[in-house]
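So you can see what is in the structure, the chains are spelled out below.
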Amino acid sequence: MSERPVVMTSREGVPLFGILHEPDAPRTPRTGVSLLNPGLKYRVAPNRLNVRLARALERRGYYVLRLDPPGIGDSGGDLPELPLPELWQRIQRGALVESVVDAQRVFERECGLAELVGMGNCGGAITSLLASTAHPTCRRLILVDLPVTLRADDSNPHARIRGRAHGTWVLAAYARRAGDWRAWLRLITLRSDVGTIARALRARFLAPKKAAAAGSPGGTPAAPAGAAEDERLNERFIDALEAFEAKGGEALFVTAEQDNNTIQFDTMFGSTRLAEPARARRHRRITIRGANHIYGLPEWRDELAGEVFSWLDGRGGAR
Amino acid sequence: MPFGAAAETESGTETPLFFGADGRRKFAVLHTPRPAPGAGAPIVVCAPHFEEKLWAHRVLVAAAREASRRGHPTLRFDASGHGDSEGEFEDFGLEDFLEDTVEAWRWLRDRDGRDPVLFGWRLGATAAAVASARLAARAVLVEPLLDPSGWLLEMLRGNLTFQIRHYGRVTKNRNELVAELAAGRTVVLDGYGLTPRFHREAADAAGWADSAFPGRCPAVLSIALRRKGMPTPPGLAEASARWAGTTRATYLESDEEPVWSDVRRYRTSAPGPVAAALDWIAAQEAP
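Keeping their order, the protein sequence lines are chains A and B. Sequential numbering of the first sequence, starting at 1133, is according to this note's numbering. Sequential numbering of the second sequence, starting at 3, is according to this note's numbering.
Fair warning: there could be bad hints in the mix.
So these bits of chain B aren't anywhere near chain A, every CB distance computed over 12 Å [claimed, not checked]: (1) Leu56; (2) Arg108; (3) Arg167; (4) Ser213; (5) Pro220; (6) Ala243; (7) Ala278.
Under 7 Å between C-beta atoms, here's a sample of chain A residues computed to sit facing chain B [said to hold, decoys possible]: (8) Pro1137; (9) Val1146; (10) Leu1172; (11) Pro1178; (12) Gly1208; (13) Gly1209; (14) Leu1216.
Chain A is faced by these chain B residues, among others (derived, beta-carbon under 8 Å) [stated by the list, open to error]: (15) Pro4; (16) Gly6; (17) Thr11; (18) Gly22; (19) Val31; (20) Glu53; (21) His59; (22) Val63; (23) Phe91; (24) Gly186; (25) Val190; (26) Asp192; (27) Arg269.
It is worth saying that the hints were derived from the structure and are not from the lab. Beta carbons are placed, not taken as given, at the ideal position from N, Cα and C, and that holds for glycine.
Full structure from sequences and hints, please.
Listed below in structure tokens is the structure:
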């Protein structure tokens, strides 16, 4: 077992935890895979998918870093206790990118990497893509079940507080951090979202009760009618992809057939922009038949791993 | 900035490490309080298992940080085949988790010089209870699984949901899945291989709350997490009342939703039950 825990510090001074896999016989040129956590789950991933993948990559001669971004897993920092979709949207907009870039730079330098490959599932995939623009040596990405869309109505998910329950949610999220001096520092230095706090206070105390969002458990505001259709391509995704392509980057796009994101991926990107001849030549797209979002069956995990190894081994040696 | 071996945080020093023999190396994080170690009893946090561990992870990190902030040296660890620990999930069973718990407790005791308190959650609480009965250790048990095999049976519902999604119908009902296990075949549960061995050991453990516990455990706090108005976990209050016949047993219900299930909002802490546990530990130490 050539794994050891490592600690890094982000530019904001947040301690970041990760597991470094060091191969006994490193490939030439020395190649490292930054395997990011999926969304808000920590570096292990559901059914230890990332542990299994990392150990298999290590056996094939790749260095692997499995990192916890700030507020996730063992790392320092905080994420607010908001409904999961709101935090996912923040991640898709790049909330974790700076810290990930900082850690990847340490990974590159400390392991003497000639090439950094970005890899991640879901939220880890979009963060890997967004972070790739900061690394000259990152010209390959493995993007598994990449979310490509955002809801159109909320560049700030609290731009509109949808009733009393939503306001209560937001205030409760702030209240939970009342004991954290850093939260107070942000408020005093006006780096907190004062507008959102004001809107939440207004909604909580001035809105009539009947205006409260219809009730999912815990008072989570219900999505507005038609929200599922009210989506648009994430422009940061497109910008980052074009920047990645401009430096000669190549990506392996993997989708699980039964993942909820796959339809959006196909309709908004896979069957359109990704199918353009120049992109189709540059990148590879595969679908794991029957697989769900967590790659819950051994045969799906094996197929995923096989495709990743084949793509990495087949196209990495000459770079 | 090179790789570091530990992190300095406002709650103390956090040192990730592996302990145990090759083949059974277990990942752990040691939270060392500042500035004066020794203020509080050492604590070993025993995590839930399967995907419950993933959901609860950040809450357990916060619990360990709060314990460290209060002066308790605190060890969080991953059981064999879980998290970052060595081995495959399918290679281990309940007896192994019990051994891991005992080993973690001894590791921290040898380092600190005092007997740690076991602070277990869900199946980690079950292992903590049985270990505490053997070690004469104090224990805090957050919703221990009184009937691990019944819990697995409930979990098998997830397999049925999976079948409906994947095949469009239930191809094997729960009885048939149990029969598969009895016939020596592994059943997939949330992506984990539930092995016949694990299932058998879970069945064997069904009566632990009466047969193996409290044993030599000198004091136990049992905590149920339930939002007001929701039913409490069956049997825990009654079990605690029975334990009170032979040990110092306390039971409380905390107004908190379970942090180990598929939550709708991101959970980073469970301040109520954690404060209750740490207050109870401090009270045990008081002269």
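A quick look at each hint next to the structure:
1. Leu56: violated (6 Å)
2. Arg108: Non-interface label stands for Arg108(B): nearest chain A Cβ at 21 Å, farther than 12 Å.
3. Arg167: It is violated; Arg167(B) is separated from chain A by about 7 Å at its closest Cβ, not greater than 12 Å.
4. Ser213: The assertion about Ser213(B) holds, with a minimum of 32 Å to chain A.
5. Pro220: Pro220(B) is indeed farther than 12 Å from all Cβ atoms of chain A, at 32 Å.
6. Ala243: holds (31 Å)
7. Ala278: Ala278(B) clear of chain A: closest Cβ-Cβ about 17 Å, beyond 12 Å.
8. Pro1137: holds (3 Å)
9. Val1146: violated (9 Å)
10. Leu1172: Where the cut-off is 7 Å and the nearest Cβ of chain B is about 6 Å from Leu1172(A), the hint holds.
11. Pro1178: Pro1178(A) check passes; min Cβ-Cβ to chain B is 6 Å, inside 7 Å.
12. Gly1208: At 6 Å from the nearest chain B Cβ, Gly1208(A) passes the 7 Å test, so the hint holds.
13. Gly1209: Nearest chain B Cβ about 10 Å off; hint violated.
14. Leu1216: holds (6 Å)
15. Pro4: holds (6 Å)
16. Gly6: Holds - the Cβ of Gly6(B) comes within 8 Å of chain A, reaching about 4 Å at its closest.
17. Thr11: With Cβ-Cβ at 6 Å, under 8 Å, it holds.
18. Gly22: This hint is violated: Gly22(B) lies away from chain A, its Cβ roughly 11 Å from the closest one there, beyond 8 Å.
19. Val31: At 6 Å from the nearest chain A Cβ, Val31(B) passes the 8 Å test, so the hint holds.
20. Glu53: This interface hint holds because 6 Å falls under the 8 Å limit.
21. His59: The hint holds - His59(B) has a Cβ within 8 Å of chain A, the shortest such distance being about 5 Å.
22. Val63: Since chain A brings a Cβ to about 6 Å from Val63(B), closer than 8 Å, the hint holds.
23. Phe91: OK, holds: Phe91(B) within 8 Å of chain A, min 7 Å.
24. Gly186: violated (17 Å)
25. Val190: Given a least distance of 6 Å, the restraint on Val190(B) holds.
26. Asp192: Holds, because the Cβ-Cβ distance from Asp192(B) to chain A comes to roughly 6 Å (cut-off 8 Å).
27. Arg269: holds (6 Å)
In this structure, the earlier hints numbered 1, 3, 9, 13, 18, 24 are contradicted, and the remaining ones agree with it.
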